[in-house]
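Given chain A, put chain B in place with the hints provided.
Spelled out from the first residue to the last, the chains are:
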Amino acid sequence: MKNIDSNTHVSGTSVYLDDIPLIGGTLFGAVFSSPVAHGVIRELILDDAMLVPGVVRIFTAADIPGQNEIGGIIKDEPLLADHHVHFCGMPVAFVVAHTREAARAAVKKIRVHIDPLPVITDPRDAQARGELIIPPRTFTQGDIDNAWRQCTHIFDGSADINGQEHLYIETQGAYVIPQENNSLRIYSSTQGPTAVQRAVTSVLGQPMHRFEVIVTRLGGGFGGKEDQANTWAALCALAAWLLKKPVKYALHRMEDMAMTGKRHPYAADFKIGLDNDYKIIAYEVSFFQNAGASADLSPAVMARTLFHCTNSYFVPHVKATAWCCRTNLPPNTAFRGFGGPQGMYVIEAAIAKAAHSLHVDAAVIQKKNLIETGQGFPYGQTAKSEALTCWEKAEALYNPDNLRKVVSTYNKEHKLHKKGIAFMPVCFGISFTNTMMNNARSLVHVYSDGSVCISTGAVEMGQGVNTKILQVAAHTLAIAPERIKLNNTSTYTIANTSPSAASATADLNGKATLMACTAILERLKKVAADGLQVTVEDISLVNEQVLVKGTPSSWNWQQLVTSAFRQRVSLSEHAHYATPEIHFDEAKEKGHPFAYHVYGTAILEVTVDCLRGTYTIDTVQVVHDFGNSMNTDIDRGQIEGGIVQGIGWMTMEEVIYDRDGRLRSNALSTYKVPDIYSVPKTIAIDALQTTHDNLAVFRSKAVGEPPLMYGIGAWFALSNAIRAFQPNADIPFSTPITPEKVLMALYSKTTLETNQQHEETVSHLGIDL
Amino acid sequence: MLKFILNNEDVGTSLPPGMPLLDFIRYHQQLTGTKTGCNEGDCGACTILAGELQRGKLVYRSFTSCLMPLGNAHGKHIVTIEGINMLPALNPIQQSMVDNAATQCGFCTPGFVMSLAGFCLSTQPPTTENAITAIDGNICRCTGYKSIERAAAGVATLLAQRNQEEPAQFAAEQQILPAYFAGIKERLKRLILFLNGELAPPSGTTPRFMGGGTDLYVQQPEEIQEQPLQFLFNQDILKGITREDNRCVIGAACTVSDLLASPVMQAYFPALGNYISLISSTPIRNMATIAGNFVNASPIGDLTIFFLALEATLELSDGTATRTLPLRQLYKDYKKLDKRPEEYITRCWFELPGASTSFHFEKVSKRTNLDIASVNTAICITMQENLISTVRISAGGVGPIPTLLTDTAAFLEGKAPSGAVIKVACAIAQAEITPISDARGTAVYKRLLLEQLIKAHFITLFPSLKVELLL
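Sequence order for the protein chains is A and B. The opening position of the first sequence corresponds to residue 0 in numbering that gives the first Met the number 0, with each subsequent residue numbered one higher. The opening position of the second sequence corresponds to residue 0 in numbering that gives the first Met the number 0, with each subsequent residue numbered one higher.
The following block holds chain A by itself, in its conformation from the complex (with noise of 0.2 Å):
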């Protein structure tokens, strides 16, 4: 099945936020931020501002009748600025105008004098100055003191892991529109409908059933809209309330970029420790999160970092520590992948330090620990594996003996080009770690004209949850999909919603719906035991038709509902969904977090230009545990946009902040996603089917995440590329590799693994800016 948008999507009829029709007297809103990355306020100058014509309003810190504070883990995150800046882009007042263009003319037109702070940049450094949002956390396994014993080889490191754009196409935004009794409708681009309800509440210091926020779909989220949605629609509430007028803010490209957190930088030592057979004995990590200037996420995201900072691999004596801290970046905030993809770096840089050192293919070692069903992983939970399966699969399948071969022949008829390969495993476990946030409702309505409608917390973003949940609910009722329609997501229809993230939304939403349904067909088919006078256990539903003991009877779905109606029952249902099994103990960091874990392997194809340092990403082969897809169409687009998306963090999206922590990749134009030809040219992609039970919603696992770690494979399979040019190439355990570190490793001179860092950046850049 298709995704049901996808008529409107072709058609330019699908409505996102900036296309919402406008109410008469709408107002427009622009944010002015600070121009420094910390410092104190001086003086906010606004009166130039205040003579744009089409000016009504500037609101600041002062202006907030609540709290000024929006955070949502730690209540650290002002809206406005009020005395202190803690990042460059940081709101520090928000104009209000007639248009759009008078809105941002005047933004132009405030001054602020700042008296600058030291500024942080960089995680190390914060640590070093104890600036920490939480205190660190440590998982332990085994007995690590004692382990490096055990070990024949050992090996140490640092990895430097930059960020990542978001970079949906949609930029962030909000439309708040006053209703009566002291009430606020707000749309917003959000994949979290809930927390811009608090975070609206808090500012407005309303109760939360004044709010009724709606989200139709975004252009895009990527966890990029899960918490940072929230200041845009608060802005905009805080207008709309005081000024009695509808105030619509959204936002342009460079506003976007600048004032919104990005996937966390992570810089990281490791030391790793092998037994003579190559089995990983010992592993200790340190990650040092750059969380930005408040806490945002930073918390959760660090700690699926430690979660998944062992990969696929079971390691029997593990020490690894997370430190979360303050920068004055951006606040860095949620990112498809959650933390998980710097950890799973860090264990595969250490694997391929070791591969190298010991002149044997990283494969071997990767291959030789992975995580059998039994096994624990560090916080407790028992491994219910598919990672040798699938690794197996991929080698019966994908024949990477033979494409050693043609890589190696292709490498030595090859002076200016050469290929490299690597496999990439992965392990990600599905729930929010957050235990009390896995759960969901749905709120099933049919019609007296048999037409169903369903309401959900779910977001669709272009993941394609509500393709799956109407698909649940034309399962369950046996009904054409055709009947269903999926509603709007609306915070007075489902409320305190989890946010649409963790890839665990088709899951909770999907099982909310499964129940809301089985509900309704429970009521149903006693209508109909009834009124054909036989018992409820010898009615069953098939293509919108009773059936008694399996034997069509005169009654279809029609006839069903209008029976029901007139008889006076129910045909609505609300249900409530918690994922059960699962539980976390934070003090021992032991526990049950996941519902389930998703594997699979990939094989990754690249070929570097030797001369001008430039590569392609051939192919790249996967076998994948969907444990039983319920949509291939959507599930494949995910794992085909999630490898893209993977491949980009490894290669060309560079982050790049200047010392004074300003954004110099501000735009699309200095900073590069993939495009069409810069993809593989191949993407294979196998479905390991399993048939054992599990908590998915009709046991179709989970896809949103996990397949964005396959790119991860890219960053290795690069590296031995180069090393097929230059076997002693220096190539620091830095992403991305970018062009430009390619050519610095394959004409690098010594091995220093030293992590270069871009110098302050100047004033001619290509374009002005």
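What the hints contain is simulated information worked out from the structure, not anything from laboratory work. Among the hints, erroneous ones may be present.
[To be verified] Rough simulated footprint, nothing fancy, chain B against chain A, three-plus residues with beta-carbon under 8 Å: (1) 56-65; (2) 297-308; (3) 366-375; (4) 454-462; (5) 610-620.
Yeah, the Cβ is synthetic: ideal placement off N, Cα and C, and Gly gets one too.
Only chain B this time, still in chain A's reference frame:
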């Protein structure tokens, strides 16, 4: 008053001609299918088609409406996604996107559909490769493009039976696009007769010159809208690429796409298609003018680097008098030109390479396509016997202005291009450049990269060179 055909309607507007077409479409016409993505022509979400009569033929090209002044729509047929809808049915382009699950969040989708519609309206041979070239300016963050590639291949098959028929007629007949496309040619003829003149700036003002807008709208989107503008993009007198004796003469308002389509250029630069594919994207190439690239004075302007090596000469006019100037003398310092504000480039020319002259262009950027160069360079080299008689090597991204490596050239002249000679030439080049560290790379990288690209020139042009001597 600006007049054009918007989809199937004749529209006229007195809004400022400097307003971006995107804003007019979305916020004044409420046609919200065209999306705002990046406001700098880098994502393609705002792609529209512009149809115009060229020598009696109806020609459509894709443009990014965020960088297109309303003034450049004057006298054209502007097509948005709403203008190709045949709802409630989907047109076959849209159906191919749906069938291949080529849409996820959907925000970029109308742009892809429009680019593919542009492909259907072009005279390009209907191959999958050409269909993909048509969407090379569209960014999708969800799909990873593989499904879109499959959809594009499906669209190419729609055109297999077209032969010599005019694309718009064929598309209308085959119900690929709405039937009204069949009548556009006549409507445009009438519109142009009616307009019978050009869009003039207000009298008594000193207007700014506007070409394709692809740089100006990135750099000064707000300022542009409040200034008197002289539109050059649609002026026939500034168009055309012709051969005059052994010279090639190029009109200043020729676009990069015009360059690529030119039989003269194709004949003398067999690898032109490869070079041009490294320069921006299809819609930007459709809009960006040659003279615009010159006067933007970017240190890494691709065409500037291309034509510097060809020793192009410019002709400038202030409306009354003209003068000529070698391109290499145009740049005085970073973004400082030997050009008065009232002057604009009318045309440029260069000597066509003879049998003993070779040309090559190299460019490396963070992303191979649709990106600004870290370093770019071109070489034009003339051999006599086995020796270099003259050579010009241009280099961009290694100093405040696009530059010619004159010392390097002087060293090379009279020598045979051996590994040792090229290595010395690379060392001399290092003394001629002053790269800085920025978002496109560190200075040390740019130095190494230029050296590598100079080697790439020679390896490409002299296949008998032993490459290991150069690595």
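Hint check:
Check result for the stretch 56-65 of chain A against chain B: violated, 0 residues qualifying (beta carbon to beta carbon below 8 Å, three or more required). Residues of the stretch 297-308 of chain A with a Cβ under 8 Å from some Cβ of chain B number 0, which does not satisfy the need for three, so the listed coverage is violated. Only residues whose beta carbon comes within less than 8 Å of a beta carbon in chain B count, and the stretch 366-375 of chain A has 0; fewer than three means the coverage is violated. Under a criterion of three residues with beta carbons nearer than 8 Å to beta carbons of chain B, the stated coverage of the stretch 454-462 of chain A is upheld, 3 such residues being counted.
Note: the stretch 610-620 of chain A has 4 residues with beta-carbon separation from chain B under 8 Å; the three-residue rule is met and the coverage holds.
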